[in-house]
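Each chain, written out:
Protein chains: 2
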Amino acid sequence: MTATSQRLFNFIAGEQGPWQIRSNTNLVGAPLPTASRLEVVGSCTAPLQYVSAWQLQGITSNDRYVTRDEKTALTARQPDLGRSSATCAALIALRKHSGWWGLTQDERRTIVEEQSNHIAIGMKYLPAIARRLYHCRDLAHSQPFDFITWFEFAPQDTPAFDELLKSLRRSVEWQFVEREVDIRMVQADAS
Amino acid sequence: MTATSQRLFNFIAGEQGPWQIRSNTNLVGAPLPTASRLEVVGSCTAPLQYVSAWQLQGITSNDRYVTRDEKTALTARQPDLGRSSATCAALIALRKHSGWWGLTQDERRTIVEEQSNHIAIGMKYLPAIARRLYHCRDLAHSQPFDFITWFEFAPQDTPAFDELLKSLRRSVEWQFVEREVDIRMVQADAS
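Going line by line, the protein sequences match chains A and B. The opening position of the first sequence corresponds to residue 1 in our numbering, with each subsequent residue numbered one higher. The opening position of the second sequence corresponds to residue 1001 in our numbering, with each subsequent residue numbered one higher.
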């Protein structure tokens, strides 16, 4: 069952970790406590020896909305995480209200892409903005968010990233967001 | 976070529980150990005081494939679990191979319904066969199966249930199944 373990990650905010937190903004709903550093830890790692301000958990999973054509286009353009030039990161944690989860697949797909252009918007900022989505809603231990998206980009691409978020936040899909926290970081040794 | 807790269930096989196991068949892949009884326990329940032969965990989640029209038709016909006449139960635990999880949503939907008629086949046996799907793949603790489906029906509907399974098992979708265990039960006080 190693495959599943490697899909699960902990996002741990406290006083240690390679990412220095520059801002922590709650756009909708309750904020997350203040912390100075953040670390992303795979689930197989030994227990941490220090106290955290908060911890979130997420798992990478199969695609939920992209079609094969979109996937092919994304795969051709999307960069891996961990590029040396990408010294900025952002963690966007979202919770959608129950109305979203009561929709059927065709209804959710229509909102995500046909009405909100979520996939197309992300594509527009590739390969500058690397992205990885983690799912939290169906973990056994209930989580405060449904999704965590992790982004990495070079400092000069920060305005492009802000533009990307602005486009998504004014979309129909975002009307279903009942909690959103936006955390911006820089690599501690690059700050 | 009560909502999530109420979605998580444990399937515990051992020597106790209201369901008496009549058969335990592995159709593909490794079997599950033999046990005489089974209990389905919500995640909020206190720890069990007895030894189990095996435990599986699953969480109810949002619909993944049904369209609004299909959902409307299903909702109109599908019965709740727990009907007094439904003294037979079946637990079908499935794992699909990695090729399935690498498909995009449109490809999986095409296989599930347009090629395999999975939703239409289930519909044909409503309201006789009650069904609830639990997802296991994205739980934090890795599980041996991707899905558990729980069925309840009256004894006289057993041939119909066998027919339902036969139809599904010869479908294109089932070519992706790499492990399947089929457990049949009767209510202990009805046996």
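Any given hint might turn out to be false.
[Said to hold, decoys possible] Rough simulated footprint, nothing fancy, chain B against chain A, three-plus residues with beta-carbon under 8 Å:
hint	region
1	62-70
2	159-168
[Claimed, not checked] Have a look at the derived ranges for each label pair, beta carbon to beta carbon:
hint	chain 1	residue 1	chain 2	residue 2	range
3	B	1132	A	18	51 to 59 Å
4	A	29	B	1072	25 to 33 Å
5	B	1084	A	18	19 to 27 Å
6	B	1073	A	23	43 to 51 Å
7	B	1159	A	77	32 to 40 Å
8	A	65	B	1078	21 to 29 Å
9	A	127	B	1099	21 to 29 Å
10	B	1162	A	26	50 to 58 Å
11	B	1073	A	156	51 to 59 Å
12	A	169	B	1072	53 to 61 Å
[Unchecked claim] The list that follows gives simulated cross-link-like pairs (lysine to aspartate or glutamate, EDC-like), each with its CA atoms no further than 16 Å apart:
hint	chain 1	residue 1	chain 2	residue 2
13	A	71	A	107
14	A	124	A	178
15	A	71	B	1069
16	B	1071	A	107
17	B	1071	A	113
18	A	71	B	1162
Hints listed in this document are in silico derivations from the structure and should not be mistaken for laboratory results. Source: prediction; values computed, not measured. Beta carbons are placed, not taken as given, at the ideal position from N, Cα and C, and that holds for glycine.
Going down the list of hints, with the structure as the test:
For the region 62-70 of chain A, the assignment as covered by chain B holds, since 8 residues bring a beta-carbon within under 8 Å of that chain's beta-carbons and 3 suffice. Coverage of the region 159-168 of chain A by chain B is violated [criterion: at least 3 residues with CB-CB distance below 8 Å; count 0]. At about 43 Å, the beta-carbon gap between residue 1132(B) and residue 18(A) misses the expected band of 51 to 59 Å. Checked against the given bound of 25 to 33 Å, the beta carbons of residue 29(A) and residue 1072(B), roughly 32 Å apart, stay inside it.
Between residue 1084(B) and residue 18(A) the CB atoms are about 59 Å apart, so this pair departs from the stated range of 19 to 27 Å. At about 48 Å, the beta-carbon gap between residue 1073(B) and residue 23(A) stays in the expected band of 43 to 51 Å. Separated by about 53 Å at the C-beta atoms, residue 1159(B) and residue 77(A) break the suggested range of 32 to 40 Å. Evaluation of the 21 to 29 Å hint for residue 65(A) and residue 1078(B) yields a pass: the beta carbon distance comes to about 26 Å.
At about 27 Å, the CB distance of residue 127(A) to residue 1099(B) agrees with the hint of 21 to 29 Å. Evaluation of the 50 to 58 Å hint for residue 1162(B) and residue 26(A) yields a pass: the beta carbon distance comes to about 54 Å. Remark: the range hint 51 to 59 Å for residue 1073(B) to residue 156(A) is upheld by a beta-carbon distance near 53 Å. Checked against the hint of 53 to 61 Å, the C-beta distance between residue 169(A) and residue 1072(B) comes to roughly 32 Å, which is inconsistent with it.
The suggested pairing of residue 71(A) with residue 107(A) is violated, with an alpha-carbon distance near 20 Å, which exceeds 16 Å. Taking the CA atoms of residue 124(A) and residue 178(A), the gap is near 26 Å; set against the 16 Å cutoff, the hint is violated. Note on residue 71(A) and residue 1069(B): the hinted pairing is violated, with a Cα-Cα distance of about 27 Å set against a maximum of 16 Å. The hinted pair formed by residue 1071(B) and residue 107(A) meets the criterion: a straight-line CA distance of about 11 Å does not exceed 16 Å.
For the given pair, residue 1071(B) sits about 21 Å from residue 113(A) by alpha-carbon distance, which is inconsistent with the 16 Å threshold. Proposed proximity of residue 71(A) and residue 1162(B) is contradicted: the alpha carbons are some 38 Å apart, above 16 Å.
The earlier numbered hints that this structure contradicts are 2, 3, 5, 7, 12, 13, 14, 15, 17, 18.
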